[in-house]
Structures are given as C-alpha cells and as structure tokens.
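Enquirer: The lines below spell out each chain.
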Amino acid sequence: MKLKCVLSTEQFTSRQMVNELLDLAGEMEKGLQRGSLPQSLSGKIVACMFFEPSTRTRLSFETAALRLGGQVIGTENAQISSSTVKGEILEDTIRIVSGYADCIVMRHPQDGAAEVAAKVSPVPLINAGDGGNQHPSQALLDLYTIKKEKGRLEDLDIAMVGDLLYGRTIHSTLTLLSLYPNNRFHFIAPQRLALPQKYKDLLKERNVFFDESEDMRAVLPKADVLYMTRVQKERFESKEEYEKLKDAYILDTAALGEAKEDAVIMHALPRINEIALAVDKDPRAAYFRQARNGLYMRMALLHYLLGG
Amino acid sequence: MKLKCVLSTEQFTSRQMVNELLDLAGEMEKGLQRGSLPQSLSGKIVACMFFEPSTRTRLSFETAALRLGGQVIGTENAQISSSTVKGEILEDTIRIVSGYADCIVMRHPQDGAAEVAAKVSPVPLINAGDGGNQHPSQALLDLYTIKKEKGRLEDLDIAMVGDLLYGRTIHSTLTLLSLYPNNRFHFIAPQRLALPQKYKDLLKERNVFFDESEDMRAVLPKADVLYMTRVQKERFESKEEYEKLKDAYILDTAALGEAKEDAVIMHALPRINEIALAVDKDPRAAYFRQARNGLYMRMALLHYLLGG
Amino acid sequence: MKLKCVLSTEQFTSRQMVNELLDLAGEMEKGLQRGSLPQSLSGKIVACMFFEPSTRTRLSFETAALRLGGQVIGTENAQISSSTVKGEILEDTIRIVSGYADCIVMRHPQDGAAEVAAKVSPVPLINAGDGGNQHPSQALLDLYTIKKEKGRLEDLDIAMVGDLLYGRTIHSTLTLLSLYPNNRFHFIAPQRLALPQKYKDLLKERNVFFDESEDMRAVLPKADVLYMTRVQKERFESKEEYEKLKDAYILDTAALGEAKEDAVIMHALPRINEIALAVDKDPRAAYFRQARNGLYMRMALLHYLLGG
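Each protein sequence line maps, in turn, to chains L, D and F.
At position 276 of the first sequence (counting the first as 1) the number is 279 in this note's numbering, and the numbers step up by one without a gap.
At position 302 of the second sequence (counting the first as 1) the number is 305 in this note's numbering, and the numbers step up by one without a gap.
At position 100 of the third sequence (counting the first as 1) the number is 103 in this note's numbering, and the numbers step up by one without a gap.
Isolated chain L, as found in the complex:
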C-alpha cells in the first residue's frame, strides 16, 4: 500500500512499509555523498506551513526539497501571519495553499490538526508535528538512526526517559518500534509525565514487553537505546517536586559511566540541560548524527510521495 499522506505512525501497519522508507533514506544518504541525488522534485513546489516555529524541522524539510530539485514556499510562523490572525479556519488555508503547491508539510500546535488538514487537501500532506500527538518523520528518522547505529531494529532494550506524556516523538517512535520483534521498552518518567494509556494499550495489543519506573539509573546498565527528552519545569505543580526529580533525568558523564559500552544516546533536540555538554564527545552520543539523518529521511519521504 502506498500512502498519500504521512500523518501518524499508526498508518504504518507493517514492517514492510517502514523498511521501504528506511531503504529509501539509505539511498538518499548515499546519493548526497556521491553528488548523485535524483532530481525527482524538479518542477515541484513544497509548501512548508509552520503554524508554530521549528527551525530544525522546517530547515531539514526545505533542504530535502531543494536537494531533490524542488522549490519551497511557506511561512516561518503562521501563528502570527495573516490568515490565522484574521481568524481563518485551518481547512480554508489548506484548500488555498494546496492550489499553489504540490505538497504541504505542516506543523501545528493542536492535536489532530494534520488529519483535519489532510481531509481537504488534494495534494500529499506530511505532518511535521501536531501538538502532543504525532511527529511521524521524526519517528522514521529515529528508526533509521537505530538501524545505522545498532545494525538492527529488533531484540533491543529501549529506555525512553523524561516527558513521556506530551512527547509526540516518543509516541510516534514507540509505535513504529513495536512493529519489530523482541523489543523491550523501559519507560522512565515522573508519574505526572507518564506515558498515556493509549500507547500502553497499543503495546499490550501487539504483545510487546514494557515496564515503567521513575528511576533512570536502574535501567542504564541494560539499555541498548537511551532516548532522552526534555523535562520542562512548567509541567510540575510544585518547585519541590521538580527539584527532587530533575537531576534524576539528566544524563551526565557519571550516569553515562553506568551505561552499556555500545549504547546509543538519542534525543530529538533541542536539548536544554538534560544531556550534559561533556557527553557530546562520547562516541555513544548519537543525537547530532540523528539530526543529520533527518535530512535523509525527509528526502526519502518527499521522494516517496512526489517522485514516484
């Protein structure tokens, strides 16, 4: 089955669909290195509609489109731009932009906005993050990174640490990873930021092992993949609670000392202080390589949707 829009990792119901995109991203990486990328977006225009700003994600999609020979229109922060200020509904904006562009990449602050938009768009649409809901291109690049770093996507102990409640990346990535056999998830979060029931149900349904705790240190010695996320102060009711917990979710060189020698440290970035700068030099620190993989995966997605 070929997707028309990429809105959620829940659309990927088989490993085969994921593997196809992982392979394509690999071809893109090689093509870029060799200077022989397909110019499959030649004559095509991609509209990057960011209703909330996101330097990293927007620039990686724009670069992807340009590297494949396409052109880009868009808005850096549609929240303060005309249509939204004037009170236009999202559907109207999408109807109009889809009359100009061959593809829409959209970031929006509201959960479910991508699906609303896709319903009225005659052109392919990629969800580049909708509220706390989904961020499928991030999940795909995460899998690409794990595959590259570990050589496999199965039989892995995966620790996800921090804000698992609002972290859309976590939601998207675990959904994809749970398609692969023998993975074991370890969710480390303060109770207030625990993984939503919906995703636990999904894992149960797919017979995937997971456990939950508040203690990162306990899981470090067994994690093959350590996926860190930001824990935002403002999510806590009391300062005391935050102060008590915050250090537990900071990866510094001391904590890293307890991790496996071949662990992979990931982070969707931007990181604030949850990964100490000293960790950057460790070969296990994969987050900057992960960010770069985003370019290959976004080229793969655009090529898949528009270049066929």
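It should be emphasised that the hints constitute simulated quantities derived from the structure, not laboratory data.
Careful: at least some of the hints might be erroneous.
No distinction is drawn between identical chains; accordingly, a pair holds when it is met within one copy or between any pair of copies.
Distance condition first, Cα-Cα at most 30 Å in a straight line; then the derived BS3-like pairs of lysine-lysine [what the hints assert, rightly or not]:
(1) K225 <-> K236
(2) K153 <-> K263
(3) K47 <-> K284
(4) K284 <-> K122
(5) K33 <-> K7
(6) K33 <-> K47
(7) K151 <-> K122
(8) K122 <-> K33
(9) K247 <-> K263
(10) K249 <-> K236
(11) K7 <-> K284
(12) K201 <-> K236
(13) K150 <-> K284
Please read these numbers as outputs of a predicted model, since none were measured by experiment.
Chain L is fixed; fit chains D and F onto it per the hints.
Expert: Below, chains D and F alone, put in the same frame as chain L:
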C-alpha cells in the same frame, strides 16, 4: 500602452489592456495543466516585500515566480523587520531592494504606499495591497473568475456586500468591471461602511448604473455575481448596531435559496463567518476556484512585466 | 592563505587578501551586467541564520547566493524562532544547520557569537554582524566602494562620524583601511560614543595617523571620505546632552557646502535623519551605490568560499 508598474486599477483605462492580461492568465492556466509553462523568469529574482503579513497573496506571488523559473527573496512581515524598526523611510528600503531584485511585489498598511515606492524604483513594482486603497492583482483575478464562471464580463448584475468603505478589493474590482458595457452594480452595506463617494463619482462619469441599499436579501434574486466581504465588528460604534446588522450580511443556505441558479458567489478570502461552511458544497460557491485563479493571474502579471 | 570562514576583518593581515576579494567583486559586477555570472553555487545551499532581523544584509546575501545558482534556507528572525525560544545553545543550532547547508551566513546580537559558531561548524561561516563587534562583509564592500569612487585606497583623509563606540561597521572598516599606506583617520564623535581603545591601539601599532574631535564641521574641508553613522538618542543619559550634540552630526546641504568637491559620502544604512534627504541628489552621495556594491561583494565572498 505597456505598463511598467501595476499600482492601481485606475491605470487600466481601456478594456483592451485588461483583456490582454485575462488572455495571458488563460494561457498560464493551460500551460500549468500541460506542464508547459514559459520559463520567462529564468535568472530573474522577485522580491516579495510584505510590510504586513498576507499568507495567501504572498504565497501565490511566490508560487507564480517559481513556476515561471524565477527565484524569490523577501520578508514575511517587514513591519517587525529591521529597516522599519530602525525607522528607515519606505523610499530607502525600495531603493536598496531594487538594487538586488528584478521586480518588487509589495504589501503595505498605508494608502498610497505603492505609488511612493514606485517613484523611486528602477524595477517594475506590483502593488499587492496598500491600506484601504487598491489591490489590482485581486481585481484582475476577480475579472478572470467572472469571465470563466459566467462566460462574459458585460451585462451583469453585480452585488457587492459588506464593508465597501475599507474593502480595497471592492474598490479595485468595480473600477475594472465598470469598463465593460451594461453592468449594473448593487452595493449592499450598512451606512457606516458605504462605498466612498470617489467610486460613485467614477461610475457616474462612466455612465454605469448602480444603486445602494442595506438589504442583501432584496438583491439576491437578481444578482449574477454576489461578491461577499468581511464585516468587522470593530468598525461599529455600538454592539447593538453590529448585532442588528451582522446577520443581514451572512450568506447561509437559506439566503442562498433566494439566489439565481447560475449566480457566482465570490469572496477575496479569508472568510470568517459571512459565508456559512454549508455553502461551500454548492456549485455556485466560486471562492476557492477564485483563489486558485490568483495563481494564474499573478503568473500573467509577472510574465507581462518581466518576461517580454 | 585561503580563509575557510570570514568572521572578522582582523583575519585580513595583508592587502593582498583584501585585494583578491575586491578584484573578485569587480568580476561579479561585470558578470551581472553582462548576464554571465559563474554558476559556482549550483547544487549548493546557503543557510541565512538571522538571530536578529536585518532586511538589507539578509536580502543581499540571499540574492548573491541565488544569482550564483545556489539555493537558500534560513530564518528571518531566529530570536523568536523555535530553537532559541526553547533555550538551545548556539553551538547546537549551528551543529545541526551545518548538517543541512553548505555554508552559513549568521547575524547575531552578541559580540563574539560568530567565532563561537565557527568553532563547531564543519562548513564555511560568514559573520553578517555580531553585536557591536564585527561586520566584515560590510567593511569589504566599503573598501570596494571607496576604490570605485576615489580610484584608490591609500593617501586618503577619512572622516568617521557619529557612534564610533557601538558601530561594528566602523570597527571593521577602519581595520581594513589601515592596511593601506598613508591614510589619515579623523574620528568625530561625542565623548560617550568615542572609538574603543582597542582600535586606537591597532592604528598605533600599524603607525597610522588619526585624530579625534567632537566637531564634524572642522573636518569637512579636508575629508576625502565622509563616513556617517547613526547617533541613537537612547545612547545618551540626558536629553540636554543629546539635543546639544545631535545637530552637529547631521549632514545637510549647508554642511555639504563645506565638503570637498570630490568627497565621497558613505553610510551603512539605514539612515534616519543624520543625512538630510536633500543630500541624496548630490553626486557625492554614494550610500545607495554603496548598498548595491554589497551585492557584488557578497557574491565575491560566497564564490570565494564555495565556488573554488
């Protein structure tokens, strides 16, 4: 006569000038469908200087430039950008940008800004809306839409509804339409938002029939073209006055029932609530097609000014 | 020696390095006029990262990249964009963007930011202004302008007027000009805005003549180059002090009457009121030509760093 800049519909003193651009827009539409657009802007740079944001207009001009092989520079919201913040006068900004680009497309919050800018610009300049004054590319795409939907630009009953005082689109469009014979205008607006005397004088001078009223329902049964505009709450002194009038200028399915079977419903968009969502499905609802026509007309304008 | 990054005019330790870029800018100017520019950035992407807005500088770099066949990504005002809002450190942003683009052009509000960024960037980086520190591409275009207007870069009386404390352009330009023999600098500024000691030390070290005063009129009759800058009201403690001084640093037609017949009036723009509009018509007013030269010099820089 070939125009160097497109600043106001008052520059179009003959139907021939308008028809030339309408024909060109038709060629652009066909060229886009067939994938055979002229690459007449190849090597050219268009500067889109938006001193107030406008997603729709900006993106349609940028798309037009890119589809014709050109490139785009610009600012999404120059009001908060450097030059303006630092207090630079508009003329200086234009002098400098015209040293970089081959054409300037400008949106500005002040009436008459386009003419001020054009005076110092050595390169062609298109007014993409200046305050409550003019928006000539919108007027041209409106005529293109009417021609396509009705097959003619003459002998039409045209109802213009809502805010006729500040609506620059209305001003630009009626000026062009009054060049064609046997059109009859029906202006429907609350007194406070009535059409400026200047435009009534123009119509009298051109011997064009028009009448004015506050009652939209009375004119529905005879309108060939029904041009809706936003009536903004903040234009009214009292809440009571607004409450009394607002429903009179909302087109819902009930109101639509009184309209001609072959009427054309237009709106420059964004619409807030002056056209009910249920109307969208009616074949007479032309506003999304109208928005798409904007792309063809803006390609025609850029090709006309730069591609010759 | 070939530079990898252009961060400060202090990198230019010999006239030969400067002359190479001046010659290259001259070729770019001719190439643009003849329509025969090298497409040396074909397949390359330039990231314009503006952490504070600057219409003029950003648009000239973007135009330069596009005219040489390159493409552009970037942010108009990264200060309000995602990474910065979320608290990401500059190094992380640069690490990631340098994974997408082939070159970074950066404007940043903090002194020294360019050097911090260059340290972690694997791709060439151009400082497009960092706080009150440096703005090397402006200095290079200033020298290009003086060479073109005066025919030489030596044996000149150069008056620099206004805010010499915070004016990074002044700092960058005098550093370059002091490489050429027999130039004499005349610094005219209120005491509070006098040139930093660092730059006086540099001139002494290079055995370059300079004097300082608060009186612009005294220096007018001998200046070959008159470089005006903005004197900002907010730099003064008392209104009285500002009122007393401000007129002394305004160039109007009366003041211009005292200047040499072949003087060159320069300004990095935007000007507010320190140069009267009436001066624009005088052939000695070179500031708009100077702005246009910015395009040639920025093409030269991009070609030098990426096109070789």
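Enquirer: Evaluate each hint against the coordinates.
Expert: Taking the hints in turn, this is what the structure says about them:
1. K225 <-> K236: within (28 Å within a copy, 62 Å between copies)
2. K153 <-> K263: Intra 12 Å, inter 68 Å, cutoff 30 Å: intra-copy only.
3. K47 <-> K284: For K47 and K284, the Cα distance is within 30 Å only across copies (29 Å; inside one copy 40 Å).
4. K284 <-> K122: between (45 Å within a copy, 15 Å between copies)
5. K33 <-> K7: This pair counts as both: shortest intra-copy Cα distance 25 Å, inter-copy 26 Å.
6. K33 <-> K47: both (23 Å within a copy, 17 Å between copies)
7. K151 <-> K122: between (35 Å within a copy, 27 Å between copies)
8. K122 <-> K33: between (35 Å within a copy, 27 Å between copies)
9. K247 <-> K263: within (26 Å within a copy, 70 Å between copies)
10. K249 <-> K236: within (8 Å within a copy, 45 Å between copies)
11. K7 <-> K284: between (40 Å within a copy, 24 Å between copies)
12. K201 <-> K236: Close inside one copy (25 Å), not across copies (43 Å); limit 30 Å.
13. K150 <-> K284: Within one copy, since 21 Å is at most 30 Å while 47 Å is not.
Consistency note: the structure conflicts with none of the earlier hints.
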